[in-house]
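S.K.: Keeping their order, the protein sequence lines are chains A and B.
Under the numbering used here, the residue at position 107 of the first sequence is numbered 107, and the numbers go up by one with no gaps.
Under the numbering used here, the residue at position 52 of the second sequence is numbered 52, and the numbers go up by one with no gaps.
For the record, the hints were derived by calculation from the structure and aren't laboratory data.
Check the hints yourself; a few may be wrong.
Below 25 angstroms or equal to it, Euclidean Cα-Cα: the simulated BS3-like pairs (lysine-lysine) are [as the list claims (entries may be wrong)]:
(1) B:Lys23 / A:Lys120
(2) B:Lys245 / A:Lys303
(3) B:Lys113 / A:Lys107
(4) A:Lys273 / B:Lys16
(5) A:Lys311 / B:Lys247
(6) B:Lys247 / A:Lys283
(7) A:Lys273 / B:Lys23
(8) B:Lys156 / A:Lys139
(9) B:Lys249 / A:Lys311
(10) B:Lys245 / A:Lys273
(11) B:Lys207 / A:Lys107
(12) A:Lys120 / B:Lys24
(13) A:Lys120 / A:Lys139
(14) A:Lys311 / A:Lys120
(15) B:Lys245 / A:Lys311
(16) A:Lys276 / B:Lys245
(17) A:Lys276 / B:Lys247
(18) A:Lys107 / B:Lys111
(19) A:Lys273 / B:Lys249
(20) B:Lys113 / B:Lys202
(21) B:Lys247 / B:Lys56
(22) A:Lys198 / A:Lys222
(23) A:Lys198 / B:Lys249
(24) A:Lys303 / A:Lys222
(25) A:Lys139 / B:Lys24
(26) A:Lys311 / A:Lys208
(27) A:Lys107 / B:Lys110
(28) B:Lys247 / A:Lys222
(29) A:Lys310 / A:Lys283
(30) B:Lys245 / A:Lys283
(31) B:Lys56 / A:Lys310
(32) B:Lys245 / A:Lys222
(33) B:Lys249 / A:Lys222
Please read these numbers as outputs of a predicted model, since none were measured by experiment.
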Amino acid sequence: ASTLIYAEHNGERLNPATLHTLTAAKAIGGDIAALVAGPKCGPVAQELAGIAGLSRVIVAESADYEGMLPERLTPLLLAAQEQFKFTHILGNSSALARSLLPRLAAKLDVSPISDIIGIKSEDTFVRTVYAGNAVLTLKSNDAVKVITVRSTAFEADAGTTGGSATQDTLSAPDSPHTSEFVSQELSKSDRPELASAKVVISGGRGMKSGDNFQMLYDLADKLGAAVGASRAAVDAGMVPNDMQIGQTGKIIAPELYIAVGISGAIQHLAGMKDSKTIVAINKDPEAPIFQVADHGLVEDLFKAIPDIQKKM
Amino acid sequence: MRILVGCKRVIDYAVKIRVRPDKKGVVTEGVKHSMNPFDEIAVEEAVRLKEKKIAKEIIVASIGAAQSQETIRTALAMGGDRGVHVEVSAAEAETLQPIHVSKILAELAKKEKVDLVFLGKQAIDDDSNQTAQMTAALLDWPQAMFASKVEQKDDKLEVVREIDGGLETIRVNMPCVISADLRLNEPRYATLPNIMKAKKKKMDKLKPSDLGVDVTPRIEVISVEDPPVREAGATVADVDELVSKLKEKGF
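Chain B extracted, bound-state conformation:
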């Protein structure tokens, strides 16, 4: 099995977001970035499939400006075999959407003849939760979204999915697209020797046009603003006061 894993470079989850003064985006300069946490889970699962000898090769792709190569290196240090960087300009990166990314990933999946595309369920910057579904559609492959367990069953994959109110098990033919949910695994940290080794791994560089993908924006950002602030109330002295306040409100 050959796996294509996608990883997105995003503002680190621990950073407090600041809206830009022009209200067209958020401040990214001088801000710590890292791999989208859900993509890390996807990379980890691919590496485990390789360790179980189910997967032969893991190709790591990232679509973004030049710095996305750092994210690819991180995935390679976790156990990816080689990287593909599909580079866009910093300006294009701002308007790049799941529809563009999924077209690029679908083309890469065909080019690399992979059996499985493994992605995170959503990126923690735009919170879209679309790319894996759209990649599957474009390839006409089955999809298993929000996976919390992946097992090989004969020539198929059995996937336990997180759904509203519980879990669901489905079986998908290969090739297919899977998106990783939170409980699938706990990603490893890259060790220093593996970080060093990752620097020597091969990384191809492409442009969206090399894959025939048009990255013209489909949406226009009208504004990006701070959310309304909720006024904090007051603290209560003790349980008695809390209970009487709640009773006053009719609970």
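Just chain A, with the same shape it has in the complex:
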């Protein structure tokens, strides 16, 4: 096998999820290359070049990649594929790669494989369907496997330095500018990011209002935790969608997950059931969340949360 990893970054640092994707690439075996593209890639290209296990780093720095538009990145990936003939092309299960890699796959006339959680062999992969209610093992018959990797299903590669990858620069053929980046509004927070937080506290419909989430923020600050929410809380307009944990939101696996006022709909469980320790606080003893919780507390959250705040 010869694998290309699409390396995500913010211009300064490699996105930590890419190290999980590297673990998946190592499980496939063979040579591993990484491609880094963006308006500024220098520091990230350098970071990648030192990582043990990468034999090649392909760098494409251009102002054209401002906003990382898939219409402009696809020709670049096609040019890389044309030159190096990879058997596997891997990306994170991120908004960027989920937008980009299927576009690339269609251009290569192959059927992409989304959000894998396991690798059986070079052509056989495991992923979930029906919001995690069934596990599908599939064999791909395509010549090139275009894959996104669920970070929580693969440990992060240690990113050991000492590697000595070849550096190539690549410039993409001109592509028509049919789309343009306007702006980005990232939610600012002093708390850790949901995807990488060791502790996550999530609120559900039982929180009753967006204002009540303040209780969870206070507790989160005490525990160094991130705050998430169930889809029900998002749908009710209590909190923004980027806090959503679940099959249609973020899929996370922290050390400790505290579900507050969350009943535990299947789609929510799909987003958090791989957490190491799960705590559920809900006044309804029949709530399905208790079926996956290590520690269930049947109590009114409005009483329990301030109490925990005091005692932790």
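Fit chain B to the known structure of chain A by using the hints.
M.R.: Just chain B now, kept in the frame of chain A:
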């Protein structure tokens, strides 16, 4: 503007999935089906664009076995103008993948000379999240995925997208492909008079071969299995016990 909206018939989101004894799929017989919820959002947004006089015609397409016509009728009752059913056999429907569906949608988009293809961001059965991106690639059109707001700006569309950690605004030329995310809108319910009216709306029937699309499977299903069950722990009596358990674990 002419819009092509895709809608997939899927097992209803409220149904508990059961894996088939042969472990090659899930039980679909006698199970309630409905329109993929993300596709409903796409249909709703298309109808709103028509109500704002931005869109002239909404063509609703579904690719699947005979029952997919019910899904098309639902979309027509929500405000679609006419339907196209691209029929495959029940066996073909099982192995139909986004790569096939996107090829069919791309051909339909060309045939119907649409300015916009509007799809849901993912189907809640296979959870692939691929069809819109691939349709855009095949047409060489720009794409705006995971849309939470769509507005016309001169001859372009300005789309707010849901991305990791926040929102992003992009502008795309037309023709283009948009995929709908959760917060774009809240789909309406079809009223009884509109359901009756929808029955009289035109529905074309085609086969993938009529559009020159080969639906040979690209993957082989090795197995479909139940997920591992997580063992439930125990309930704690009160906050004190919970706090001491968490402290024991080092939190």
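S.K.: Now tell me, hint by hint, if it's right for this structure.
M.R.: Taking the hints in turn, this is what the structure says about them:
1. B:Lys23 / A:Lys120: Given pair Lys23 of chain B, Lys120 of chain A holds - Cα atoms ~17 angstroms apart, limit 25 angstroms.
2. B:Lys245 / A:Lys303: Status holds; Cα separation ~19 angstroms.
3. B:Lys113 / A:Lys107: holds, 21 angstroms
4. A:Lys273 / B:Lys16: Within the cut-off at roughly 17 angstroms; holds.
5. A:Lys311 / B:Lys247: Distance of about 10 angstroms is within 25 angstroms: holds.
6. B:Lys247 / A:Lys283: Judged against 25 angstroms, a Cα distance of about 23 angstroms means the pair holds.
7. A:Lys273 / B:Lys23: holds, 23 angstroms
8. B:Lys156 / A:Lys139: Roughly 41 angstroms separates the two Cα atoms, so the pair is violated.
9. B:Lys249 / A:Lys311: holds, 15 angstroms
10. B:Lys245 / A:Lys273: Roughly 19 angstroms separates the two Cα atoms, so the pair holds.
11. B:Lys207 / A:Lys107: With a Cα-Cα distance of about 23 angstroms, the restraint between Lys207 of chain B and Lys107 of chain A holds, given a limit of 25 angstroms.
12. A:Lys120 / B:Lys24: holds, 17 angstroms
13. A:Lys120 / A:Lys139: holds, 9 angstroms
14. A:Lys311 / A:Lys120: violated, 46 angstroms
15. B:Lys245 / A:Lys311: holds, 12 angstroms
16. A:Lys276 / B:Lys245: holds, 14 angstroms
17. A:Lys276 / B:Lys247: holds, 15 angstroms
18. A:Lys107 / B:Lys111: With Cα atoms ~20 angstroms apart, Lys107 of chain A and Lys111 of chain B stay inside 25 angstroms; holds.
19. A:Lys273 / B:Lys249: holds, 18 angstroms
20. B:Lys113 / B:Lys202: holds, 18 angstroms
21. B:Lys247 / B:Lys56: The hint is violated at about 62 angstroms.
22. A:Lys198 / A:Lys222: Roughly 13 angstroms separates the two Cα atoms, so the pair holds.
23. A:Lys198 / B:Lys249: holds, 13 angstroms
24. A:Lys303 / A:Lys222: holds, 18 angstroms
25. A:Lys139 / B:Lys24: holds, 13 angstroms
26. A:Lys311 / A:Lys208: holds, 24 angstroms
27. A:Lys107 / B:Lys110: Given pair Lys107 of chain A, Lys110 of chain B holds - Cα atoms ~17 angstroms apart, limit 25 angstroms.
28. B:Lys247 / A:Lys222: The given pair, whose Cα atoms are some 14 angstroms apart, holds under the 25 angstroms limit.
29. A:Lys310 / A:Lys283: With a Cα-Cα distance of about 20 angstroms, the restraint between Lys310 of chain A and Lys283 of chain A holds, given a limit of 25 angstroms.
30. B:Lys245 / A:Lys283: With a Cα-Cα distance of about 20 angstroms, the restraint between Lys245 of chain B and Lys283 of chain A holds, given a limit of 25 angstroms.
31. B:Lys56 / A:Lys310: At roughly 60 angstroms apart (the allowed maximum being 25 angstroms), Lys310 of chain A and Lys56 of chain B break the hint.
32. B:Lys245 / A:Lys222: The hint holds at about 17 angstroms.
33. B:Lys249 / A:Lys222: holds, 17 angstroms
Checked against the numbered hints given earlier, this structure breaks hints 8, 14, 21 and 31; the rest are met.
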